[in-house]
Structures are given as C-alpha cells and as structure tokens.
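J.: What follows is each chain in one-letter form.
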Amino acid sequence: MGNTNSAHKISAQDKAILDMKNQRDKLHQYQKRITVLTTREKEIAKECLANGDTTRAKLALRRKKYQESLLAKTDAQLAQLEQLTSDVEFALVQKDVLYGLQQGTSVLKAIHTEMGGIENVEKLMGESEEARAYQEEISQMLANNMSNQDEDEVEDELEALEAEVNGVALPDAPAKQPEFTTEEKAQMAKARAQRRARERAAEQASQPMLA
Amino acid sequence: MTSISSLPASSAPSTTTTTTTTAQDTYIFSPIYSFPPFFTLQPNPITRSSQLQSWSAHIQSYCRAHRLFSISLIDALPTPLFTNATLSRALSLRDAKAVVHWMSTKDGGNRAEWTGRKGDVEAAETEGGRAWIYWRRPEEWAQVIEDWVDRTGQRGTVLTLYEVTESDATRREEFWGMEGELLQRCLGVCVKKGKAQIFGGEGSEGVKFF
Chain W
1 MGNTNSAHKI
11 SAQDKAILDM
21 KNQRDKLHQY
31 QKRITVLTTR
41 EKEIAKECLA
51 NGDTTRAKLA
61 LRRKKYQESL
71 LAKTDAQLAQ
81 LEQLTSDVEF
91 ALVQKDVLYG
101 LQQGTSVLKA
111 IHTEMGGIEN
121 VEKLMGESEE
131 ARAYQEEISQ
141 MLANNMSNQD
151 EDEVEDELEA
161 LEAEVNGVAL
171 PDAPAKQPEF
181 TTEEKAQMAK
191 ARAQRRARER
201 AAEQASQPML
211 A
Chain R
1 MTSISSLPAS
11 SAPSTTTTTT
21 TTAQDTYIFS
31 PIYSFPPFFT
41 LQPNPITRSS
51 QLQSWSAHIQ
61 SYCRAHRLFS
71 ISLIDALPTP
81 LFTNATLSRA
91 LSLRDAKAVV
101 HWMSTKDGGN
111 RAEWTGRKGD
121 VEAAETEGGR
131 AWIYWRRPEE
141 WAQVIEDWVD
151 RTGQRGTVLT
161 LYEVTESDAT
171 RREEFWGMEG
181 ELLQRCLGVC
191 VKKGKAQIFG
201 GEGSEGVKFF
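Note that the protein sequences, when read in sequence, are chains W and R.
Following UniProt numbering, the numbering of the first sequence begins with 1 at its first residue and continues without gaps.
Following UniProt numbering, the numbering of the second sequence begins with 1 at its first residue and continues without gaps.
Just chain R, same shape as in the assembly:
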C-alpha cells in the first residue's frame, strides 16, 4: 500500500486537538483522518504506537460526538468511524480489533473494554464483538452522575435507572442514552464509595444517592 516511513511520528499530537461537536453532520474529523496510511497499521513499533494513540483519540472523540457508548466492530466498520469514503480507505477488521484491543490495555489507558463476561474476553474478541468505548471511564462517569445529582438537588431521592438515562430531565446530560449495563457499572462505583445504593428488583432497579 503506502510506504511505512511516510507516516510521521509527529502526527500524533495533532489528533489530540480534534474538534468535538455534538451535531452528527458537523463532526470535524482530525486531520490525520485524511491521511491514507492512517488506515493501515504500521509494523514499525514506534510508528505503530503513535498510530494506535491517534486511533484511540479518533475513536473516542467520534464516539463522544455521536453519543456512542459501545461499538460493535462488525457494524462500525462501514461507518465513517473506520471508513473514509473520500479516500476510499478503511481499516480492516483485524486492525480494528487490534486498535480496540490496544485501547483496552493499560498502554491504551483502559479506554475500551470488550463486553461480555470477564472470562469471555477472547471469545468476544474472536467474535469481533462489542466493546465499550470509554471516552469517559466508569469511575469518571460516576463523578459526572454524582455532580448531576448534586446540581439538581436529588440527593436522598429515589431515581429509577430508566429515569437517569432515558427521561426528558436528563436529555441534555452527557450520560443520556447510556446503556443500562454501563450505567449499572458506573453506579456500582458510587455504591462502592458509599455514595449511593442500588435496590429494587431485576429490571426495575432504583438508585438513591446519599
């Protein structure tokens, strides 16, 4: 495809300045997105690590702008996230897996996590399955939700989980539309800190912040 050396190592910092807009149509891709070699993982370790970093930043900012909390690699491959139609370049499934895998490691800042049970990580990977994209990690989300509860004076009131992520009251919040499983995980962080308590039956859980 393209020569390896043509990917400048200095291109990594430029991706951190990606513009994040909430409107889907006006999402501005980082400049590296229009750089053809970006779509082929480079074998050179140094170039590769900087490229992975760029990909991680790109995926996070894209998911943030489009309010995606998890992606299914198979479904996401043909979307603009992995495919640049103007360049007619796309990341292969194998490379996309490698990127997400790298994001899920410590090097990648734990910015992704394969869904499914802990033991089934490999199964999830081989299935090309779903992964959480943590443009905010659960503990960061926990803080955001706590701040929201504080700001709206809802300490001590009972909230349903549905209410937190689906109701009109939170439509403007960043966690609106979050999947229930991820929400449970975030609230679990609050519970561990003793700031909240989850109760109620399966599927109709409520949470109370203290």
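Chain W extracted, bound-state conformation:
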C-alpha cells in the first residue's frame, strides 16, 4: 500500500538489505531441503544394504555425497552473503556516526560564531581586567579618604552595637533596707519640706489661671 506517510521510512538501502536477507533465507531453506534429502539417501542406502543390494546402496551413498558437497558450497555462499549484509549494515551505522559528528561540529561552530571569535574573547577579557583594576582603585581611594575622626566614630558605633548585642552588665539591686544615720535623716526631712513648699507654691500659681 502506498502509504506516503510511512513509505519514506524505508530507504533504498533497506530494500537492498531485505533482498540480501531474503537470499540468505532461501539458502537456509535450501540447506534444510538438502539435509532432509541426505538423511533420506542414507536410509535408502541402509535399506538396500539390508536387502543385499550393494550397487543401489552405493548409488544412494554417492548421491548423498554429492548433496553434502552442495551443502558445503551453500555454507560458503551463506557466509559470504552474511558478511556482505553485515558490511552494508555496518556502513549504515558509520554513515549515522558521520552524520552525528557533522551535526555536532556545525553546532559547535555556530556557538563559536555567536561568541564572536578569539579577538572578541580577548577584547572582553581585557575589558574585564580593566574594570576590575578600576574597581580596585576606587576601593583604595575610599579607604584612604577616611579621617581619624570618622574612624573614631566608627569604632564607637561598633562598641555600642557590641554592647547592644551582648547586653550591658547592670549592677545588682540592693537586697536589704537602706540604713541612714541621724544626720542623713535630718537632711532628707529638710529636702522633703523644701519640695512640698515648692509644690504648694506651684499649685497656688496655677489656681488663679484655672479660675
């Protein structure tokens, strides 16, 4: 059936290989036939011998011998045919390998042209080297521009941050009641009186404003 869709999958080589393989199959079949014939001739010879007919037995054996020589010839032909077939098949494989290599090479070439050749790569490398040197310069300059004061401030900030991170060590709270001497007590009383007087004065000053 002329199925155009699938017909292209079968190449002329495939057909040639099929022809060779068919020939090989035919030889196989021929060999089978010959083998059957030889065994039959042998049986005939045996029968003839049993009947005492030596001449006919000899004839049968001669025929058998001839057929065996044919068998040997077909064996040689078969080997030749098989070798040719595998040669063709191997050539096809080689063709595929070559095709694969070609494809790979062209892809590699395309990538190379995309990269723009060796000069472009050299130029790019030079540019990147320059850019890196420039960057180095900038960092150097920045580092040198720091004044002593700036440095101090930086150090202070760092300390503060450290304190924040590690937590400041606070003094312990007193565990017992404070003990005062009489002198201190008198002083404290005086301070309290003074504070109260101040508060009262403030209160009086604010009252009229409210009224």
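To be clear, the hints were calculated from the coordinates, so they are not data collected in a lab.
It cannot be assumed that every hint is accurate.
So, partial list: chain R residues that the calculated Cβ filter (under 10 Å) puts toward chain W [said to hold, decoys possible]:
1) Phe29
2) Arg155
3) Gly156
4) Leu159
5) Thr160
Think of the CB as a built atom: it goes at the ideal place given N, C-alpha and C, for glycine as much as any other residue.
Chain W is already provided as a structure; the job is to place chain R on it using the hints.
T.: The following block gives chain R in isolation, referenced to the frame of chain W:
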C-alpha cells in the same frame, strides 16, 4: 452418558492452575481432564458456561505447551487435546466446534478465530476447518515481538519474516514456528501503532521496527 448434576460448578477455577511445560511428553493435563463428564457438553446453561471456560483454558494451555498456533478440528479430534485415551472419552466434532466457536466470541475472550476470509466464517465452521487458538492474541503477540526486538537491539534493522519465526536466532522465543499469516497479523498491529513497517514483495516481506 453421565448425569448432568455430577459436573461441579466449582471445577472451573481448578483448571486455571494448569501446569504448562514445554516438553511434549511431560505435559500435565488439568485435573478436570480426567473427569468423564468433561467430554460431554452439558445442556444446563450455568454448568455449560463453566465447562466452556474449562475447555478454553485446557485448549489454550495445551496449544501453548505444544506450540500450536492453529488447530484443524478434524485433525485435532483424535489427539489428546480432545480425546482422553485412558478414559476412552472424546469430545464430538459438534461439541468441539461449539467450544471453539464459544472461544471466538466475546464471552470466550476472543481466544480463537476461524481462519479464512472474514465473510467465510460460517463456511469455515461447517467445514470443521481450522481456527487460530489465541493463547496470545495478535496484539499480545505484537507486544512480545516488540519486546524481543527491543531486547536484542534490532530496532532500525531489516528483518525478514522468515527470520522472525524460523531462524535459529529466535528458536528460544515463544513465537518461533508461528505461521506466516498469523505473524503478518501480529506485525500489522505494530504497523498500525506506527512502530514498524512491512515492505517488500509478496512472499519475501521484510519488517523494520522503529
């Protein structure tokens, strides 16, 4: 002959455990094969259907063990397939036809098919002719062949049909010795799936798997 009720309905599952051996002499028949009523088709519908099932399983396993891809009923009747010599019981031609016919229907799982052209099914039946016994259906065979091609790395190589079923390379495969017509049918399944292409002249076709 024997009473109908003596065929137990439960005998059907036992046949599914038939032992399949490749050697012809050591083929072990399923236990139901030594049960005399097995050789007479029972009129009771329930018993009959279970009996047909047993027969189908028996025929499939026998054909598988003996590498028979098709049987001719006339030729197969006197063989152990349909005749149990120790019991001196045999299935009649009519019953054998009924069994194969049942196997070819959907109920029988399409495990058989009368050979010959599609329209001539009745002619084939009346002639008591040949039938394919599908212990593997063509689509199942297609899978087996594809697996073989894969396993042997023969995708993309040209194979002759003769080579697939007759050569020494496939002597150990289950499809060795398959009739050309059946092989064509199996490969047709592959072709339909787009996995293979058959080409070449009549009688010398080749196949190429992709």
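J.: Now, for every hint given, state plainly whether the structure supports it.
T.: To see whether the hints hold, each was checked on the structure:
| no. | hint | in the structure |
| --- | --- | --- |
| 1 | Phe29 | violated, 33 Å |
| 2 | Arg155 | violated, 12 Å |
| 3 | Gly156 | holds, 9 Å |
| 4 | Leu159 | holds, 7 Å |
| 5 | Thr160 | holds, 5 Å |
In the structure shown, a violation is registered for the earlier hints numbered 1 and 2, in ascending order.
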